[in-house]
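Chemist: Here's the letter readout for the chains.
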Amino acid sequence: DQQVKQNSPSLSVQEGRISILNCDYTNSMFDYFLWYKKYPAEGPTFLISISSIKDKNEDGRFTVFLNKSAKHLSLHIVPSQPGDSAVYFCAASSASGGSYIPTFGRGTSLIVHP
Amino acid sequence: KAGVTQTPRYLIKTRGQQVTLSCSPISGHRSVSWYQQTPGQGLQFLFEYFSETQRNKGNFPGRFSGRQFSNSRSEMNVSTLELGDSALYLCASSTGTAGNQPQHFGDGTRLSIL
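Order-wise, the sequence lines are chains A and B. Mind the numbering: the first sequence is residues 22 to 135 in my numbering, read in order. Mind the numbering: the second sequence is residues -17 to 96 in my numbering, read in order.
By construction, these hints were calculated from the structure, which means they are not laboratory data. Among the hints, a few may not be true.
[Unchecked claim] With a straight-line Cα cutoff of 25 Å, these simulated DMTMM-like cross-link-like pairs (lysine to aspartate or glutamate) come out:
| id | chain 1 | residue 1 | chain 2 | residue 2 |
| --- | --- | --- | --- | --- |
| 1 | A | LYS26 | A | ASP76 |
| 2 | B | LYS39 | A | ASP52 |
| 3 | B | LYS(-5) | B | ASP89 |
| 4 | A | LYS77 | A | ASP52 |
| 5 | A | LYS26 | B | ASP89 |
| 6 | A | LYS59 | B | GLU57 |
| 7 | B | LYS39 | A | ASP45 |
| 8 | A | LYS26 | A | GLU79 |
| 9 | B | LYS(-5) | B | GLU64 |
| 10 | A | LYS26 | A | ASP52 |
| 11 | A | LYS59 | A | ASP22 |
| 12 | A | LYS26 | A | ASP45 |
| 13 | A | LYS77 | A | GLU36 |
| 14 | A | LYS77 | A | ASP45 |
| 15 | A | LYS59 | B | ASP89 |
| 16 | B | LYS(-5) | A | GLU63 |
| 17 | A | LYS92 | A | ASP76 |
| 18 | B | LYS39 | A | ASP22 |
| 19 | A | LYS89 | A | GLU36 |
Let's have the full structure, built from the sequences with the hints guiding it.
Modeler: This is the structure:
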């Protein structure tokens, strides 16, 4: 039973355009969400996070939106650059619920074309 | 500041053998978590150690075990290896609880079972 789902295995975007990566979750106890980026042969690297008390968090070209009622979050990359080509993982955990185990989605492979 | 170091990077074993993987966290990080990544399955949480104590455990059989030393370095052991254990094993460290802050990942150990 997947509690964190990334329904798009891949996404292709033109350089300079917006990339939107989506993530859905089923556990209403999740209150902390993160996005990681992973290049081949390297470990995941933390990108941006958001707690459930917010609905938006920005860091440079990266913005994460959280819609708690829909149990949905998205990562926006504007503008997209070829160096953003990587696999992006969404993760969620329940700090307040006492179970701190991070649950990851299966990832979305983003390709940004020059 | 040195990152998370995992050794070895690659390992080939046969069914029935056992294996030990090593992880050195970022200096000052007391939490070390282990994940298994297989194609199409994303990152599956194995366990988390904090100050030499196992704090959380994922849904894996008892063949998977770990420990943490007083210097925060951690080892993961898999006994009676099965073909399905072939995967990338990732270690991640953080200053506090894994579930409520970003983690720093190593580049992983690629384990292949013949």
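Chemist: Hints first: check each against the structure and report whether it holds.
Modeler: Results for each hint:
A hinted pair counts as satisfied when its Cα atoms are at most 25 Å apart, and LYS26(A) with ASP76(A) qualifies at roughly 19 Å. As the CA atoms of LYS39(B) and ASP52(A) are separated by approximately 20 Å, the hinted pair is consistent with the 25 Å bound. Taking the CA atoms of LYS(-5)(B) and ASP89(B), the gap is about 20 Å. The hint holds against a cut of 25 Å. Note on LYS77(A) and ASP52(A): the hinted pairing holds, with a Cα-Cα distance of about 13 Å set against a maximum of 25 Å.
Distance check on the hinted pair: LYS26(A) and ASP89(B) sit about 24 Å apart at the alpha-carbon level, within 25 Å; holds. Simply put, LYS59(A) and GLU57(B) have alpha-carbon atoms about 23 Å apart, close enough for the 25 Å limit, and the pair holds. In summary, the hint linking LYS39(B) to ASP45(A) is supported, as the alpha carbons are separated by about 24 Å, within the 25 Å threshold. A hinted pair counts as satisfied when its Cα atoms are at most 25 Å apart, and LYS26(A) with GLU79(A) qualifies at roughly 22 Å.
Pair hint LYS(-5)(B) plus GLU64(B) holds up; C-alpha atoms about 10 Å apart against a cutoff of 25 Å. For the hint pairing LYS26(A) with ASP52(A), the CA-to-CA distance comes to about 16 Å; that is within 25 Å, so the pair holds. Note on LYS59(A) and ASP22(A): the hinted pairing holds, with a Cα-Cα distance of about 24 Å set against a maximum of 25 Å. Of the pairs offered as hints, the one joining LYS26(A) and ASP45(A) holds, with about 5 Å between alpha carbons and a cut-off of 25 Å not exceeded.
Of the pairs offered as hints, the one joining LYS77(A) and GLU36(A) holds, with about 24 Å between alpha carbons and a cut-off of 25 Å not exceeded. Restraint check for LYS77(A) and ASP45(A): satisfied, since their Cα atoms lie roughly 16 Å apart, inside the 25 Å limit. Taking the CA atoms of LYS59(A) and ASP89(B), the gap is near 10 Å; set against the 25 Å cutoff, the hint holds. For the proposed pair LYS(-5)(B) and GLU63(A), the alpha carbon gap of about 22 Å is at most 25 Å, so the pair holds.
Between LYS92(A) and ASP76(A), the direct Cα distance comes to roughly 11 Å. Compliance with the 25 Å bound is thereby established for this hinted pair. The hinted pair formed by LYS39(B) and ASP22(A) meets the criterion: a straight-line CA distance of about 17 Å does not exceed 25 Å. At roughly 31 Å between alpha-carbon atoms, LYS89(A) and GLU36(A) are farther apart than 25 Å, so this suggested pair is violated.
The structure does not agree with numbered hint 19 stated previously, though it agrees with all others.
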